[in-house]
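Number of protein chains: 4
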Amino acid sequence: MLKVGLLGAGRIGQVHAVNIAGNPRSTLVAVADVYAQAAEKLAAEHGADARSVEDILNDDDIDAVLVASSTDTHSDLIEAATAAGKAVLCEKPVDLSLDRAKKCLAAASTTGKPVMIGFNRRFDPNFAAVRGALVSGEVGKAELLSVTSFDPAPPPVSYIKVSGGLFRDMMIHDFDMSNFLMGDRPVSVRAVGSSIVDPEIGEAGDVDTAVVTMTYADGRIAVIKNSRRAVYGYDQRVELLGSEGLLQAQNMLENTVVKSTTAGVVSAKPTYFFLERYMPAYAAEWEAFVSAVLDGTDMPVTLEDGIAVLAMAEAATESFESGQAVDVSY
Amino acid sequence: MLKVGLLGAGRIGQVHAVNIAGNPRSTLVAVADVYAQAAEKLAAEHGADARSVEDILNDDDIDAVLVASSTDTHSDLIEAATAAGKAVLCEKPVDLSLDRAKKCLAAASTTGKPVMIGFNRRFDPNFAAVRGALVSGEVGKAELLSVTSFDPAPPPVSYIKVSGGLFRDMMIHDFDMSNFLMGDRPVSVRAVGSSIVDPEIGEAGDVDTAVVTMTYADGRIAVIKNSRRAVYGYDQRVELLGSEGLLQAQNMLENTVVKSTTAGVVSAKPTYFFLERYMPAYAAEWEAFVSAVLDGTDMPVTLEDGIAVLAMAEAATESFESGQAVDVSY
Amino acid sequence: MLKVGLLGAGRIGQVHAVNIAGNPRSTLVAVADVYAQAAEKLAAEHGADARSVEDILNDDDIDAVLVASSTDTHSDLIEAATAAGKAVLCEKPVDLSLDRAKKCLAAASTTGKPVMIGFNRRFDPNFAAVRGALVSGEVGKAELLSVTSFDPAPPPVSYIKVSGGLFRDMMIHDFDMSNFLMGDRPVSVRAVGSSIVDPEIGEAGDVDTAVVTMTYADGRIAVIKNSRRAVYGYDQRVELLGSEGLLQAQNMLENTVVKSTTAGVVSAKPTYFFLERYMPAYAAEWEAFVSAVLDGTDMPVTLEDGIAVLAMAEAATESFESGQAVDVSY
Amino acid sequence: MLKVGLLGAGRIGQVHAVNIAGNPRSTLVAVADVYAQAAEKLAAEHGADARSVEDILNDDDIDAVLVASSTDTHSDLIEAATAAGKAVLCEKPVDLSLDRAKKCLAAASTTGKPVMIGFNRRFDPNFAAVRGALVSGEVGKAELLSVTSFDPAPPPVSYIKVSGGLFRDMMIHDFDMSNFLMGDRPVSVRAVGSSIVDPEIGEAGDVDTAVVTMTYADGRIAVIKNSRRAVYGYDQRVELLGSEGLLQAQNMLENTVVKSTTAGVVSAKPTYFFLERYMPAYAAEWEAFVSAVLDGTDMPVTLEDGIAVLAMAEAATESFESGQAVDVSY
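Chains as they are written, first to last, in the UniProt record's numbering: chain A, 1 to 330; chain B, 1 to 330; chain C, 1 to 330; chain D, 1 to 330.
Possibly wrong hints are sitting among the right ones.
If chains are identical, the list can't say which one is meant, so a pair holds when it fits in one copy or spans any two.
Stated by the list, open to error - Once the Cα atoms are required to be at most 20 Å apart in a straight line, the calculated SDA-like pairs of lysine to any residue come out as:
(1) K3 - G47
(2) K113 - A288
(3) K141 - V258
(4) K92 - K102
(5) K141 - P152
(6) K141 - A263
(7) K113 - D218
(8) K41 - M1
(9) K102 - E276
(10) K141 - D198
(11) K141 - E200
(12) K3 - Y35
(13) K141 - T261
(14) K103 - G47
(15) K161 - N23
(16) K3 - E45
(17) K3 - H46
(18) K141 - V231
(19) K141 - D151
(20) K41 - S97
(21) K41 - R25
FYI, nobody ran anything at the bench for these hints, they're computed from the structure.
Excised from the complex, chain A in its bound form (with noise of 0.2 Å):
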């Protein structure tokens, strides 16, 4: 049984404070957030109790910590969390900064405790089925990778501006996802960009369209697509062309009734956001990472795929600026 701490209490805290309490091989210990309220509130549902994060990290009961806080908090507490002989699980991004990350690589590889980065996609059971198809060769070798990603309304201005960018704060969720399918990184980021959906956006120095493509070692190629506004919902699908056959991830529709009308055939939209979309693949990558503790296996996600996203997403804000091809050193 994995004692675990949850670090942060807010919306995705709450997500994983039930799939850590509803897990049969874990149990949630302790619940901190910086508004002890919000702290109190969650472990009360739970059992648990609300204590300080330092706390948290001094019990020598407690085996492993989810990092669930604000992005700035992210490489601190997993330095500290690893240093204080935890197993981390971290919410994405590791850091908005990429030379900071590299750090707290540095730093926790050498408490030799296991990190796994939240990129919880990977445990989406569709996109899940489309990697075990390309592995088992069922379309050959991957060719061309799409990654079509947009989310349903742009959030407000102001977080934009502490967001990191959309290539860091978005598609950072794309980029794993292209490693995760593709089995490699890429050589290579162009990236195209504008502020279509909201002048405001472009204001603020971000954009919230945007088309980076790839290119792999090998010759493959996977491109991108993100818009901050899909109005019929979250649109979350991936293709791969391969040089036996094309896999497609379809988006996940509300329901499965189908109307005909004199306006038409008309299906259930998207699943409306992440939480609706990819709560079957929160309690999956918690069942993940709780397996890779308890029986010492690999982490499926590691801090050095964290670290991979970074410098794509770092090459592509690059790309963009420049509009030029840029190397990605990772």
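Fit chains B, C and D to the known structure of chain A by using the hints.
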């Protein structure tokens, strides 16, 4: 908070235990089963006690019981539990004997305690959406309903022999689905059937493939198709033609992946059987029961509903045997 | 090169004229119609002559006639044309009277000339693919067939009154589809129907919504659903459950465009009616007739096939009126 | 009635001959081909004469010519035919050389005769419906376009060597599709490509897999994906994200049959290649040309359109070679 005793710790009892324990407004207090070990194991998993049925019914601290024991105990337990002042959610069917079920209704009615019958499919989000769209007038008035309900594989012939026959054991769900979607009960039924899947089922006096057509007082028509074998998985669809359109609830698939190769364009299969398909429906069913009891609202599926489908199953059996149309008396 | 006389220059005659003229192995020589002007116009469009039926039948240079005149002339024209030594393709139905149709068969048989009845839907590429997949064993042995056949809108009541009724006029196509797909004819039929779409149809003694179930000597079952109104367009589907899988032929849609908005995910409607849906089937039907005549092979749809569906329609009508199962005598 | 001379009796010339002869407002008068036998055979099939190009151009009785000869003759024939007073429909591309194409435009313009370039895909009913829905505002303003265009199998390397390269030979269709759907031309392009399908294509100096991203003056973005090999058939899709929704044109499938077995739910493959997929588009294209000439309306695809895509192809080639973004000059 609803305090609940669970009667029956088999496969379906285990599903209910998770939902009772997981619902924020109910708690699992005690579990009974003819196999003491099964009751103890399930109780332990949810922090409840294993007790006898008598203890549970005599415990004034228990508000409600969920009857998930074998069919031949349902009527007796409904009567005993309502007499003991408990609200009851009983798995379908009420009884294999229509007469016995009617006596049960008479007895339970005198207690004034609420009884719900577990027709879980009404709570499937897809079928519920069909009903919702119909009620809100999205396809005008209903005219012609089709219910397709195929199991992945036939049960053992030993089960068939004690099942009451396909019309009472399997199609009873579809009779309830028809009543739910049409908002009315048919006046006459015509049944055909054969044992084309497995001749041994025919030798046991039952059918494995059947079609029932039903007519309604206002001219509407419904048709139910059943087969004990659909090798591709659990096939559970409805289709309703209205004056202004068609509503279809299609199957839930295992995932959204589509694979295109020289062999064609391949999607995932339907989810394998009722535990995979209807897990969310069981949770929603329990939630509906808890709400009705705690909030004092009407039961969404009544004992009368459970008896209506028995009358329909009896009429269908008679029609199958006589080859003639049979009027249903409720 | 097959030299062809076309008897009937109405809507369906015009469709056939295009196919006769467009087929590389047939040529349209003459057209007859009770409205001389219609015959002249259609003949001129295809470089043919307008002539009387007598002239056409007496012209030894004409090899075949296509009968596309009104139903009440079919039997007489089949008899006269075969007696005159012509191969005949006659539109369905052979006759509204089963007795008359049987006499026609007896008369035509003595001539030894080939007669094909125009059940065009057998030549629809989708239904033909279902039959092909079944024959090649792709889903094992057939067990349960469903035919869904809804018109977009009911015809005028004046037409209904002379149509012979839904079972003879509309469902006759579906009876033939069942015979085609099942490769056999049913032993008994059960019919229900109502005039829920338009009460005036009921006052005219007919139904507009009907379901017929049919049983086969070997235990197979088929069900046909008809409605005179599906506001979303021509709904023409079949579904066949076999021992090793399910085959479905879905509707042809107007195009492949899918539009996702806040209102849902909208596809195009089915093609509107039979001229849109079955145009390729009419061409393939003609090609099949030409090949059979010129190559001396068996007719793909025979006069006997045309009579079988009349017997089925008669039995269905009787079952609808009596409320009882009716055995079909062919 | 438009009297037409057809220059080129190869595979695509044969398609055009059928449409010219089948259109009620045009007639095929003469056919020319460097292989006299091919011209004679095709002419005979449609009651036309085989003649030399010179004879056709000098015949004042011929109103229009359709140029379906080899690419290297296009510019010369457009110039000669317009100088001879003919309306011209010329197969794409205008020329492999942008300079030569521009000179052709200058020459043809002085004649005042209408010239249309055969970008047949604009007339595909699915893509036309996407354009129509966009123009009528059904998804708001366009923001992000994706064009997927995969051939079923690569052509022989001998063809690759004289093709002008993937960007000029294959992607030129997709450049035109982008211009058609976006209603504007991009300002800059970025291209990546590789010869991952067949290394021999790389040795011949070309790519077989490529992605081009394009930016527009108003911030819109388009991405085109090409592969020379999709083993499941011709994959021709577009997807357009707008401010109020998404439009997708999906593939045409061989039929509508769906087969569910233990192996999954299998649909038919896409139609195999352009002759299967675009046959209706070729007929609609010809109809549009005939209407424009006879009714004196604007050509739906102009020589300028044909030159714009050459400029885009040239810029894409340059971007692929340099690895940098290239502004397009039209």
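Is it within, between, both, or neither for K3 and E45, if the alpha carbons may be no more than 20 Å apart?
-> both (17 Å within a copy, 18 Å between copies)
Classify it for me, K141 with D151: is the Cα-Cα distance of at most 20 Å met within a copy, between copies, both or neither?
-> Between. Shortest inter-copy distance 17 Å satisfies the 20 Å Cα cut-off; intra-copy 30 Å does not.
K141 and D198: within-copy, between-copy, both or neither at 20 Å Cα | So K141 and D198 pass the 20 Å test across copies only (13 Å; inside, 39 Å).
Copy assignment of K161 with N23, given that the CA separation must stay at most 20 Å = Neither, since 37 Å and 40 Å both go past 20 Å.
Tell me, please, which holds for K141 and E200 at an alpha-carbon limit of 20 Å: within, between, both or neither?
-> between (43 Å within a copy, 18 Å between copies)
If the cutoff is 20 Å on CA atoms, where do K41 and R25 land: within, between, both or neither? Let me know, please.
-> Close across copies (17 Å), not inside one copy (23 Å); limit 20 Å.
Tell me, please, which holds for K102 and E276 at an alpha-carbon limit of 20 Å: within, between, both or neither?
-> neither (33 Å within a copy, 43 Å between copies)
Checking K113 and D218: alpha-carbon separation at most 20 Å within a copy, between copies, both or neither?
-> Intra 34 Å, inter 50 Å, cutoff 20 Å: neither.
Tell me, please, which holds for K141 and P152 at an alpha-carbon limit of 20 Å: within, between, both or neither?
-> between (33 Å within a copy, 16 Å between copies)
What label fits K41 with S97 when the C-alpha limit is 20 Å: within, between, both, or neither?
-> Close neither inside one copy (33 Å) nor across copies (51 Å); limit 20 Å.
Under a CA distance limit of 20 Å, which applies to K41 and M1: within one copy, between copies, both, or neither?
-> between (24 Å within a copy, 19 Å between copies)
First find the shortest C-alpha distance between K113 and A288 inside one copy, then the shortest across copies, and answer within, between, both or neither for a cut-off of 20 Å.
-> Answer is within: at 16 Å inside a copy they meet the 20 Å cutoff, but 46 Å across does not.
Going down the numbered hints, you'll see the structure goes against 7, 9, 12, 14, 15 and 20, while the others check out.
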